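Q: Next come the chains, spelled out residue by residue.
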Amino acid sequence: MRYLPLTDPDRAAMLEKIGAASVDALFADVPAEHYLDGPVAGLPLAASEMAVEKHMRRLSKKNLAAADAAFFCGAGAYRHHVPATVDHIIQRGEFLTAYTPYQPEIAQGTLQMLFEFQTQVARLYGCAVANASMYDGSTACWEAIVMAARLTKRRGVLISGGLHPHYVSVAQTMARFTDEDITYQLPTLEADPGDDALIARIGDDTSCVVVQYPDILGRIPDLQRIADAAHEKGALLIVANTEPVALGALEAPGNLGADIVVGEGQAIGVGLQFGGPYLGLFAITNPKHVRQMPGRLCGETVDADGKRGFVLTLSTREQHIRREKATSNICTNSGLCALAFSVHMTLLGEKGLTALAVENHRLACLAADRLDKVPGVRVLNDTFFNEFTLVLGKEARPLVRKLAEHGVLAGVALGRLFPQGEGLDDGLLVTVTETVTEDDIETLAKSLEEALS
Amino acid sequence: MNKMNAGGWKPGTPVSSDNEGEYPTVTGNRALKLEERLIFELGTRDTCGVDLPEPDTNASNRLGKFARQQPIDLPGLSEPETVRHYTRLSRQNYAIDLGLFPLGSCTMKHNPRLNEKVARMPGFADVHPLQPVDTIKGALGVIDELSHWLIELTGMSAVAMSPKAGAHGELCGILCIRAALEARGDARKVVLVPESAHGTNPATAAFAGYEVEDIPADKDGRVDLEALKARLGPDVAGVMITNPNTCGLFERDMKAISDAVHAAGGLVYCDGANFNAIMGRVRPGDLGVDAMHINLHKTFSTPHGGGGPGSGPVVLSEALAPYAPLPFIVKDGETGEIHLVEEENVGDEFPGSFGRMTAFHGQMGMFTRALTYILSHGADGLRQASGDAVLNANYILRSLDDVLDAPFGEAGHCMHEALFSDEGFADGMSTLDVAKGLIDEGFHPMTMYFPLVVHGAMLVEPTETESKATLDQFVMAMRSLAERAQAGDETLKTAPHHAPRARLDEAQAARKPVLAWQGSEES
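One line per chain: the protein sequences are A and B, in this order.
First residue of the first sequence: 971, per our numbering; consecutive thereafter.
First residue of the second sequence: 55, per our numbering; consecutive thereafter.
With the rest of the complex left out, here is chain A (with noise of 0.2 angstroms):
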């Protein structure tokens, strides 16, 4: 087997040593009637890597690549264009196969990169402190949402009908078996994101209001408002973004009121990879909230030798320590995507972030703009970055799946996303990134005209 070093006759010698008769000695502690005494009866065997490779080319071929469709899917997972030099620094090995910097002499590299890592994401988010990452955005919800309970001691959860469904479900699963009481209604269709409904609920029980910012129909809300009415109450507001390209035109939720900013990060130097593995990003507008953070840190300090260095640091709040008083059960971060977002940010800076803002947002005012004209189609929206609703008339859901077969990943029907959800199943969830091209909008177009009609 390729990957093992160990020859027989070193076996031979390494067992002399320990002096047992064979390898199956050493497992001398496992019942025998548990014992199993050869390789798990009808599985494969090993496997060439020219045979290996071959199976999964296989298997990757069933699937169409974003590449080669007209793609226009989003709804938490984005699709840009990430530099090559990205995956070429992620794939260096001292980034790839190194550990948890629990040993900072010879981790200054990830930890210097975390720190960088840190610090842009909470520039981005108009925030003063984020930590080093965490599993991705939906966890990251949730977390902030047990972070706002152990702040305020309040229980009640307000969640806007404009959050990602997915994270809802995410906070609702893990709330059925904490205390936390959660008010949730579905979105509607309508152009207006539902700012007034949702501070209308706001109660004196409500410890946080979670916002999405655009939300999943794309709609913009009015973070300030939402924010002075939470806190007037005594709430704290999370905000969820989960499309940080957004950030590069969109004032920064930490400048708007939010206490704490969480997100995904996967649209900046991760890719698709179907979902996984993904960046949850998250902040806080309070230093003081730092010690109720989940999730690691990277702190600056000095050596002995008086140099500027990097540490993991507030561990007592981590489980190694703290076990079952913890603030949180995680021990994985995502660090190499974190490096992936921190390389990919570093080569746009402010400038390219802007600009590759710019750039969405000008096709995604371009494919409304066309897609509007299409007869029974109508956008929804009147506020948008780069992802909007279309009201189709009919039910998106089958006509997806129909523009598929064609060779165009039309957006997500709400239906998907929304299988409970009244009046939702007209809707059609179109992103546009810098990746979508006129002629994608056109084929898109021509396409929803044919299938309409």
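Heads up, simulated DSS-like pairs for lysine-lysine below, C-alpha to C-alpha not over 25 angstroms straight-line:
(1) Lys566(B) <-> Lys1258(A)
(2) Lys1031(A) <-> Lys171(B)
(3) Lys385(B) <-> Lys1372(A)
(4) Lys171(B) <-> Lys1024(A)
(5) Lys1032(A) <-> Lys385(B)
(6) Lys1031(A) <-> Lys191(B)
(7) Lys1258(A) <-> Lys1203(A)
(8) Lys191(B) <-> Lys1032(A)
(9) Lys1024(A) <-> Lys191(B)
(10) Lys1024(A) <-> Lys385(B)
(11) Lys1032(A) <-> Lys171(B)
(12) Lys283(B) <-> Lys309(B)
(13) Lys273(B) <-> Lys309(B)
(14) Lys385(B) <-> Lys1031(A)
(15) Lys1372(A) <-> Lys1416(A)
(16) Lys987(A) <-> Lys522(B)
(17) Lys1372(A) <-> Lys191(B)
(18) Lys1123(A) <-> Lys243(B)
(19) Lys1295(A) <-> Lys243(B)
(20) Lys1295(A) <-> Lys566(B)
If you're looking for bench data, these hints aren't it; they were derived computationally from the structure.
Just so we're clear, the structure is a prediction, and the values are computed from it rather than from any experiment.
Following the hints, put chain B in place on chain A, whose structure we already have.
A: Below, chain B alone, put in the same frame as chain A:
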């Protein structure tokens, strides 16, 4: 120590004599050991390493009144500067590609590059999680094949693939247990966890709303079966047991433990972090386990990436299979067709599922890598891998137990990791000093001070992908360090001497946290 600057000497500034030993350089660089500034000290807001159309500032927009007013203050670097920055940083990292990484319980094995190549095939890397099901048959095929392997290797009934990492998988398993108990109207309050458990176990049980109680270990470092039996009762929801345990020992009584827990109406969670030791040799399902997470980033070689991403699928017994979280796949026994079950079609057929633990489908990029690894090994190769992993660990145990105290060395062979204590070290010498000495010898330190049940624990897990020559080098280094620690060699107290940084002041980092770059005081 440089008293002039609380932040310490920074790369890019002249070195003062306070910071340098022999043969100082003004840059702080030492030939190929290159210091590197932060991107915030290198870049500017006007530098960009990507070519994009010049923004038309007069274009109309649909952002409403929410267009950004305040600058983000993000520096950019050109492509060559970016490549150089991260390449320089990378060289300050130790990694499995550079040498032995014997972190006990972490299973730092070689990461095959075929896995990386496969994960980057466009059909896997460039696919959206919400594409119509007909366009993702290959992705469902990967999940199905990997699921089949995991189920067969563990002897279980089903697997929940979506958990994002080990601790997330633990949570999934415990939530399945809670859902199953609630479904039979038997809410229970307590989860029992051995003292030697990894910190995530009690944290997970607490997060899921349980009270956590310790189970004591016997003198051999294994769960005390009689003490466990005595504690079982109608309030105990279950146990969380790591097998092989964190002392590197197989829990011989696992089946008896499971039987006792089941007889008392509870369920058994097994932490599968150490599955690498027994893969292909014993199946947890045969030992009565109801749920076990598998760290694909340990046992199945997906890269650790400096702290993630992980992937923690959970295999489930027949009793827990109905409670798997969404989404999951179901294979039609007759047609072989694979169906994706999510909110859209979960319907009444799966009433037990408690909803989602994460958006989308889990760590697909890790599934492709893990499946590639598994297919490369085959059933025979996986069995040989666990055998070699255990052989390597025992070789280290028996090559060092004459110079280091091995607390359970008399208890027989170890599994995949060898455990030592600090007994016999001179006054003032600690496990930490030995670990830092190992850094100077060119090795990553072992896991230190864990498990908590052994004083000054040193937990060494070599894995199967190390050669005998590498192990012999490591043994040579460890024997020398053990002697120095016993002799009270003061130079160990200031090790490492040859790393990119000397020991870092962790107390200062925690006392006055600086968690984001604040700007340079010089500017």
